[in-house]
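Colleague: Protein chains in written order, with the working numbering: chain H, 21 to 383; chain S, 21 to 383; chain Z, 21 to 383; chain W, 21 to 383.
Do not rely on the hints blindly, as some may be mistaken.
To be verified - Label pairs and their calculated CB-CB ranges:
1. Z:G28 to W:S33: 53 to 61 Å
2. Z:G28 to S:H93: 48 to 56 Å
3. W:P375 to S:V228: 51 to 59 Å
4. W:G92 to H:A371: 41 to 49 Å
5. W:S33 to Z:T45: 14 to 22 Å
6. H:P206 to S:E372: 34 to 42 Å
7. H:A371 to W:A383: 19 to 27 Å
8. W:A66 to Z:T45: 25 to 33 Å
9. S:Q303 to H:A371: 52 to 60 Å
10. W:E225 to H:G80: 13 to 21 Å
11. S:E372 to H:E238: 16 to 24 Å
12. Z:E372 to W:A66: 39 to 47 Å
13. H:S62 to W:P375: 49 to 57 Å
14. S:V228 to Z:E166: 45 to 53 Å
Rather than coming from a laboratory, the hints here were simulated on the basis of the structure. Cβ coordinates follow ideal geometry from the N, Cα and C atoms, glycine included.
There are 4 protein chains.
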Amino acid sequence: MDEVLPGGFLTLSDLEETAKARSSTEVWAYVEGGAGEELTASDNHAAFRHWSLLPRHLAGIRSVDLRTSLLGHPVSSPIFVAPTAYQGLVHSTGEVGTAKAASAARTLAMFSTLSSFSMEEIAAAAPTGPRWFQLYLQPDFAATRELVGRAERSGYSGIVLTVDAPVLGSRDRQTRDGVAIRSPVPLGNGPHIVPPARIPQSDGEVFVFPPDATATWEILERLGGITRLPLVVKGILTADDARRAVAAGARAVVVSNHGGRQLDRAVASVDALAAVVAAVGSQAEVYMDGGIRRGSDILVALALGARGVGVGRPVLWALAAGGERGVSRLLSLLQTELAVTMMLTGRRNLAEVGPELLRDRSA
Amino acid sequence: MDEVLPGGFLTLSDLEETAKARSSTEVWAYVEGGAGEELTASDNHAAFRHWSLLPRHLAGIRSVDLRTSLLGHPVSSPIFVAPTAYQGLVHSTGEVGTAKAASAARTLAMFSTLSSFSMEEIAAAAPTGPRWFQLYLQPDFAATRELVGRAERSGYSGIVLTVDAPVLGSRDRQTRDGVAIRSPVPLGNGPHIVPPARIPQSDGEVFVFPPDATATWEILERLGGITRLPLVVKGILTADDARRAVAAGARAVVVSNHGGRQLDRAVASVDALAAVVAAVGSQAEVYMDGGIRRGSDILVALALGARGVGVGRPVLWALAAGGERGVSRLLSLLQTELAVTMMLTGRRNLAEVGPELLRDRSA
Amino acid sequence: MDEVLPGGFLTLSDLEETAKARSSTEVWAYVEGGAGEELTASDNHAAFRHWSLLPRHLAGIRSVDLRTSLLGHPVSSPIFVAPTAYQGLVHSTGEVGTAKAASAARTLAMFSTLSSFSMEEIAAAAPTGPRWFQLYLQPDFAATRELVGRAERSGYSGIVLTVDAPVLGSRDRQTRDGVAIRSPVPLGNGPHIVPPARIPQSDGEVFVFPPDATATWEILERLGGITRLPLVVKGILTADDARRAVAAGARAVVVSNHGGRQLDRAVASVDALAAVVAAVGSQAEVYMDGGIRRGSDILVALALGARGVGVGRPVLWALAAGGERGVSRLLSLLQTELAVTMMLTGRRNLAEVGPELLRDRSA
Amino acid sequence: MDEVLPGGFLTLSDLEETAKARSSTEVWAYVEGGAGEELTASDNHAAFRHWSLLPRHLAGIRSVDLRTSLLGHPVSSPIFVAPTAYQGLVHSTGEVGTAKAASAARTLAMFSTLSSFSMEEIAAAAPTGPRWFQLYLQPDFAATRELVGRAERSGYSGIVLTVDAPVLGSRDRQTRDGVAIRSPVPLGNGPHIVPPARIPQSDGEVFVFPPDATATWEILERLGGITRLPLVVKGILTADDARRAVAAGARAVVVSNHGGRQLDRAVASVDALAAVVAAVGSQAEVYMDGGIRRGSDILVALALGARGVGVGRPVLWALAAGGERGVSRLLSLLQTELAVTMMLTGRRNLAEVGPELLRDRSA
């Protein structure tokens, strides 16, 4: 399957197209589907159209340096691999391929609790990382503690707590097209792992949800008590939640709506970004994911104050299209596009990127 | 006709699609058609796109409680069945099916003066209700009084006066496609019932309309004199009319434009809601209907201050698609979607829903 | 050609469709074509979408009275027939049919200098009018004086000076499709009439235009010196021009962009209306044309302050579709739609129509 | 190829259509392609839709005079030929045809460093000009100096330094469709000319770009030291860069985003214009290019303060469609459209064109 020359992919759309051709309807419903009418899933990218770029010329640049650090980890660029579940569904190498590609690119990668390979296998495939573990709270805290402990022991350097999935969103496309995923890959981290529940149960007048939904912000302090790893909160869309996360000990937050897979009609990530940066940007690192398809999207997010910018669905496309080499190509494409965009706007490094780059197209 | 498994309907669009397949062109023109160019009919749903949702996470929720009361009647959720005429046209069970499904779901249902079954038959089919009677003023008040009296005697617990139909709107699609409805069901409440007139009569320089159009807000006081039931006014789109309604004795108002079937170019219901809530929300209950297709639409309306949210056309879809079971499925779908949406926005009950949930997408 | 039952036309779109089917490509290019990319031609109607209507209910109305007066002439409604040239191209009865239909409807009609029948024939066909003469300035004033004199003698009661056609606009569609109009009807007012010139002549570095373009606002005073008829200026789009027109003696102005046939990218008529009303509404009557397709469009224009609302292209559709009976149907359709719309918004006459009816949809 | 009668082209769209029919896929990708998703390439024209025109009538105009001067050179109109590379690709006469047509029309033309004919051949073909030389900085200054010297000696009267191409943009369409341009024309100015580099090189963590990208605004002073010709800076999109250019000696700036071929998501030229005029309009001449397709586009740009308005892609269309005669037709079409538009807005010369002509359509 890897015989495709990654160099043949010019843009992320090419990866998407090849991925679609290689995927069954069921798998594609998983990859592309969002919640409900997919308003948020499509807004995530469309909302970047609110912004134009204002270049600065003759800036005397001979090179562009994309390097930065994410919670102290030096990385080759602010682009990171956002966590997505079940990567084995789209390509046999699954998270192992993703990890090798990301590590080779010196890019931060986050891996899901619901990975198809175990976190130890992923770590072994690409020991140098950097690599963070995405955590879904488990129904009982002992199981959560076990996951965190394994992550720490196998060399993950951050815990990314997803807070926007107390229950699974209404994934209509998945339900419609994906009911019969014929050969589901097992959960790599063990058969005892509990994913976000799919269906709320109605108990008389009241809908009862899975127990892990009962968590409050105190869970962060509790997690802080069982690990020395920095805690990151993923799924933040408001200034208030950002402040709560940081007050409870988060070292970074990821502005995200889960790729539009959870709450349909949730604000687009890029539309939520500025308020979160204004609220906590001086105390914590702020990242975002959702809708990134081009280097210029990344530059917009950086200009609005993001320190890191994640890609989720595109990693699934890349994996499906070419396995590890597909992911390598994805990362290299985005880094090159970002570098060219910075060159053309006269920015030689990330410190030179700020809001003066942006013009509101509706103004 | 009821052999379809309601569980096969994942969304309201599925109900619509099945309903369309099962309906004649004539009936479908009645179900879907709006007034004129159907600007308002389509705006009603489109206007929800003005708003995004801002979730609150880690809110420590294990369950979501949708219960509320509408004019003191406890209901399982704020969702109610808005009145629509001629339900026998779309399914043989007509309003009887609707009443059974709504009552089983402990949902408020409003039934039209123009029902296909008599109000007594409807009441007998589902005695526990709650159930309100929608009133079209009759040309002479004695006939109006008779209708109200029958409603009171047969256990309806509210009178909903529709004020936006002094004359029938220009239903071009209905006229075009629906002229020859072949087997019109008779009016359940008796052959003497006078529907809103279809065609204005031109008398020289002046257009003369049906006599019931002469009513003023005093009619509310007059109605108050002939019934102990609370009066609700349906069709309000401005703060001024809301104030007039409440001043004249209305206990609740329904922000509505009759599903875009009356005044084309009328403001979308959700766009009119906030001003009405601001004007009378402290003195009366404010409901709305028009354009509700998803749980997230309902949450937007609630966040703008609606206490109840009605569905009209979707009930016709549900009836056409599956009779009583179709309506049950509709109500269950919307309640589940609303519950999931509340869970994902961190609201455990309706008291926690407010305008801080909303972000204006155009801002 | 008149065998079509006018009652078969439910909306103006029906008239348009039938007209198109009955017209040659060349004639249709004349009827529908606008200037350039037809931005203004399409904006004229689209701009009405900026507004929603806010009804007032239970207003105690039994009848709607559309009567008004235009410069003192009592008319059955504010709807008037805007002048369009060459009506003989679209139907053999041409302006004679239009005049009969308008007069029978007690509707003001304006007839073009470029009519296919002579102004005297038009007057003889429908003596009671009211009827105004649209004037294109002729290259020498004697010819203009002759036209005005004929109009006065044959019973026209107003002179409508078109000011937006010092040169013919770039009618690309007409040029493309209409070059070979095979049987051009002659100019009814005589072969010596000079239409707005089609092509500017370049004289070295400078483009030289037809001599009538040299007119200034003094022309109004000059016209006032040769006729006792009131002067109306058509083609106003700004407050400044409106003030100049009124200062120079105009008793009324028509906010118009010539149906988008002259200056492409000109502001839509309805977008220009409020500023003109604010500038001169207390001193002169303000009318508008451009984009009217529905009764609700008319109500929007009236609410913005127009005293009269004209239809141009729709009259050509109506003529092409059914001759005189087509125009009668058009006028009756629009009057009925306006009456229904007023009933549904709770306005019993034009004095009750004001800006409180409107809501800006973008706000 | 020139047998087509230029008079058959009514609009620029006709030229585009014919050009497309006559071009190979590869050449067309070069002509039409923009950077990335071509957001900016399409915004350039679409952004003119932000503006409507407000005419002034009865202005007493018999002629329209489009003459102006650009840096002291009298020209027949403000329209100029913007520089585009490789004109020999689209038609055998290449820049020679363009030069003849422009000179015959007494229109300023700018010729690219990357012309298919040598600048001397271009000059010889149309000695009277006016004609400016577009400069791409060469890797070493001696080569730059040689180019400037040749331009000066062969009668070019201005040097237009392009500052928005320190590296070539991501021309995805060109890469996709145009890889195999089969008979590339040689660079007319000599095989030693270095175009903007196509691919950034990644050196470890850092992207290294071509040496000419190292230039700063001091380059303008350096150029001023080697030529007596006035310097113009092309590619300005912000007030800040405009001020830097003028401070460094530029006599004029061209607001431009390279036709959307360099930085995708860059602000549309017409959206950037007003701020540049406000910043430097009193000290330097401000021109613009990007998205001009109609005379009314030109009038909008002039009303926003542009002194000259350039066309780039349309010149390639015109060349491809009809060689020199195609370009003549293009220039004549635009001049006529501009003249008619000015006549219809009541402006007799460019001094009468100002911002009062414009109305913001979104307001």
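Colleague: Run every hint past the structure and note whether it holds.
Modeller: Verification of the hints:
| no. | hint | result |
| --- | --- | --- |
| 1 | Z:G28 to W:S33: 53 to 61 Å | 38 Å, violated |
| 2 | Z:G28 to S:H93: 48 to 56 Å | 49 Å, holds |
| 3 | W:P375 to S:V228: 51 to 59 Å | 52 Å, holds |
| 4 | W:G92 to H:A371: 41 to 49 Å | 43 Å, holds |
| 5 | W:S33 to Z:T45: 14 to 22 Å | 19 Å, holds |
| 6 | H:P206 to S:E372: 34 to 42 Å | 39 Å, holds |
| 7 | H:A371 to W:A383: 19 to 27 Å | 38 Å, violated |
| 8 | W:A66 to Z:T45: 25 to 33 Å | 30 Å, holds |
| 9 | S:Q303 to H:A371: 52 to 60 Å | 57 Å, holds |
| 10 | W:E225 to H:G80: 13 to 21 Å | 20 Å, holds |
| 11 | S:E372 to H:E238: 16 to 24 Å | 19 Å, holds |
| 12 | Z:E372 to W:A66: 39 to 47 Å | 42 Å, holds |
| 13 | H:S62 to W:P375: 49 to 57 Å | 37 Å, violated |
| 14 | S:V228 to Z:E166: 45 to 53 Å | 47 Å, holds |
Violated hints, in rising order: 1, 7, 13; the structure is consistent with all others.
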